[in-house]
Amino acid sequence: MHPAYSVILFTSASGAGYGLLIWLALSWLGLVSAPQPWIAFWMAIFALVLITTGLLASTFHLGHPERAWRAFSQWRSSWLSREGVLAVLTYPVALVLTVVWVWDGIPPILTTVNAALLCLLCLLTVLATGMIYASLKTIPRWSNAFVVPVYLLFALASGGLLYLLALALSGTLTMVALVLAVLLLSWLVKWRYWRFIDTQKSASNSGTATGLGHLGSVRQLDAPHTSENYLLQEMGYVVARKHSRKLRRMALLLGFVVPFTALILTYAVAGHTSTLLILIAVISGFAGVLIERWLFFAEARHAVTLFYGRSL
Amino acid sequence: MTSLPKTTQKKLGLVTDLDICVGCHACAVSCKEWNAGGHSSPLTDLNPYEKDPMGVWFNRVHVYETDDGENTRTVNFPRSCLHCEEPACVTVCPTGASYKREEDGIVLINADTCIGCKLCSWACPYGAREYDSDDGVMKKCTLCIDRIYNENLLESERQPACVTACPVGARHFGDLGDPDSDISKLSVSRGGYDLMPESGMKPVNQYLPPRPRKNLPGSTGVKQQVQNPAQQENKASSANGFFAWLDKTLSSGTAG
Numbered sequence: 008m009h010p011a012y013s014v015i016l017f018t019s020a021s022g023a024g025y026g027l028l029i030w031l032a033l034s035w036l037g038l039v040s041a042p043q044p045w046i047a048f049w050m051a052i053f054a055l056v057l058i059t060t061g062l063l064a065s066t067f068h069l070g071h072p073e074r075a076w077r078a079f080s081q082w083r084s085s086w087l088s089r090e091g092v093l094a095v096l097t098y099p100v101a102l103v104l105t106v107v108w109v110w111d112g113i114p115p116i117l118t119t120v121n122a123a124l125l126c127l128l129c130l131l132t133v134l135a136t137g138m139i140y141a142s143l144k145t146i147p148r149w150s151n152a153f154v155v156p157v158y159l160l161f162a163l164a165s166g167g168l169l170y171l172l173a174l175a176l177s178g179t180l181t182m183v184a185l186v187l188a189v190l191l192l193s194w195l196v197k198w199r200y201w202r203f204i205d206t207q208k209s210a211s212n213s214g215t216a217t218g219l220g221h222l223g224s225v226r227q228l229d230a231p232h233t234s235e236n237y238l239l240q241e242m243g244y245v246v247a248r249k250h251s252r253k254l255r256r257m258a259l260l261l262g263f264v265v266p267f268t269a270l271i272l273t274y275a276v277a278g279h280t281s282t283l284l285i286l287i288a289v290i291s292g293f294a295g296v297l298i299e300r301w302l303f304f305a306e307a308r309h310a311v312t313l314f315y316g317r318s319l
Numbered sequence: 304m305t306s307l308p309k310t311t312q313k314k315l316g317l318v319t320d321l322d323i324c325v326g327c328h329a330c331a332v333s334c335k336e337w338n339a340g341g342h343s344s345p346l347t348d349l350n351p352y353e354k355d356p357m358g359v360w361f362n363r364v365h366v367y368e369t370d371d372g373e374n375t376r377t378v379n380f381p382r383s384c385l386h387c388e389e390p391a392c393v394t395v396c397p398t399g400a401s402y403k404r405e406e407d408g409i410v411l412i413n414a415d416t417c418i419g420c421k422l423c424s425w426a427c428p429y430g431a432r433e434y435d436s437d438d439g440v441m442k443k444c445t446l447c448i449d450r451i452y453n454e455n456l457l458e459s460e461r462q463p464a465c466v467t468a469c470p471v472g473a474r475h476f477g478d479l480g481d482p483d484s485d486i487s488k489l490s491v492s493r494g495g496y497d498l499m500p501e502s503g504m505k506p507v508n509q510y511l512p513p514r515p516r517k518n519l520p521g522s523t524g525v526k527q528q529v530q531n532p533a534q535q536e537n538k539a540s541s542a543n544g545f546f547a548w549l550d551k552t553l554s555s556g557t558a559g
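Residue numbers (my numbering), protein chains in the order written: chain U, 8 to 319; chain X, 304 to 559.
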């Protein structure tokens with residue numbers, strides 16, 4: 008599948024934004040340590056900036072961005088529409104959570120309900136993003152049980168690093184072990200996903216696609232056209248195996264090894280040094296997620312390529 | 304609405320005969336000609352007269368080779384929208400621009416509400432939907448909806464352009480939901496099949512498989528030269544050398 012930069016940026020940035028909102032909401036609920044109110048306020052704003060940047064980026068690849076509002080209408084059948092609806096529903100709830108840190112005009116019972124609701128909406132929005140891909144039967148490397156958990160865990164991990172930054176800036180760096188655990192789990196599941204797609208065997212081939220399999224092996228003698236077409240550019244994107252191996256190692260290094268080491272080192276240092284280490288973890292971790300997301304698209308193979316003599 | 308109708312009154316579709324398709328691309332060209340001038344225009348072509356032309360086509364004709372060695376055969380294979388009974392391209396559409404018509408089962412796109420997100424093309428395993436970069440929307444086969452119901456055309460012309468263009472009659476149009484229709488009977492009698500049935504989309508269009516080959520010895524010319532009866536008679540007369548040449552020349556002269 009063609010890795011469109013707008014979609015890669017959208018899923019990575021909005022994922023981190025929703026993840027950060029979840030951590031902030033959990034800390035409002037008292038389930039994890041809370042940052043200082045003003046820092047939490049600015050972090051919530053930052054989360055909304057990430058989400059909004061992502062959503063705007065995702066409209067760049069549309070043929071008609073001015074009609075994007077129509078995408079809220081088909082939530083009964085379409086995961087893309089559900090994602091849009093959930094993203095919009097999340098905004099007012101997230102705005103309330105932003106202001107409660109610095110304004111106590113809302114009764115605690117309402118802010119508690121609001122924070123719990125925000126957790127739920129953020130999780131559902133990321134779940135809907137994952138389901139857009141996981142529901143496409145045409146792409147076996149997406150249509151499997153790993154995709155949604157990876158989206159959720161990566162959102163929690165990249166948001167978790169930002170949450171640690173908020174705590175470090177507040178001068179009360181705790182919860183490092185918890186974020187470390189989420190980070191480790193997210194890349195373990197991703198590792199398993201890579202193992203899965205490398206060994207996955209599809210029942211479909213050019214023979215089943217054309218129905219000519221009973222005549223023997225089927226190979227394409229002539230393509231319909233002498234040059235590229237939309238189908239091959241959009242669905243037939245291929246990345247060389249050796250490049251994907253190199254990129255996987257880079258994703259692991261930037262997304263996991265560097266942040267993991269930086270977080271461990273925070274136990275040995277204090278003050279501004281630990282804040283700097285967390286900042287390194289945030290930036291490196293996000294770069295790792297971008298590469299991981301690029302590979303998620305570039306390594307995916309589409310059923311239509313079977314008609315062009317390729318395999319899934 | 305991108306939710307699918309429970310049933311459709313008709314299941315209009317195509318039956319393509321892979322046994323007799325000659326791979327001339329007339330269906331694809333005629334489809335492009337009709338649709339570039341009407342409802343689906345402009346069907347953008349990029350670099351049409353340059354080195355790497357690229358454009359939107361609703362029909363694409365592949366050529367496959369099956370099996371190896373002596374039994375190798377070539378199959379010409381037109382591919383277009385199958386107007387599936389359960390098309391995922393419709394249900395994934397976030398705007399409601401994609402829909403399946405309840406009255407005849409045709410799968411269409413409303414170009415006025417499509418946002419061009421391309422998700423439908425990701426959901427279709429058959430490559431039936433393409434992006435028109437000039438219009439910024441997705442385009443697909445309409446089963447020539449502006450022909451089949453067009454009362455300004457002669458009744459014989461009220462068929463999809465690909466069907467009327469086919470010089471060998473390899474494409475047929477009709478109601479595959481009616482078991483008594485000519486097209487349904489044709490499909491059943493010839494063992495019409497679904498493409499990639501594992502996609503789960505229940506295609507309406509059917510493909511007729513190539514008929515079993517009569518494997519006469521030497522008919523492929525691989526092991527033996529193809530000989531016409533006259534030559535075989537010559538052989539029987541056991542003439543050789545100059546006389547064989549003379550015999551052959553005279554025989555072909557009389558045959559002509």
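For the record, the hints were derived by calculation from the structure and aren't laboratory data.
All of these numbers come straight from a predicted model, not from anything done at the bench.
Any given hint could turn out to be false.
Rough simulated footprint, nothing fancy, chain X against chain U, three-plus residues with beta-carbon under 8 Å [said to hold, decoys possible]:
id, stretch
1, 85–96
2, 139–153
3, 203–217
The beta carbon of each residue, even a glycine, is placed where N, CA and C say it ideally should be.
Hints versus structure:
1. 85–96: Since 5 is at least three, the answer is holds.
2. 139–153: holds (count 6)
3. 203–217: Since three or more residues must qualify, the claim that chain X covers the stretch 203–217 of chain U holds, with 6 doing so at under 8 Å.
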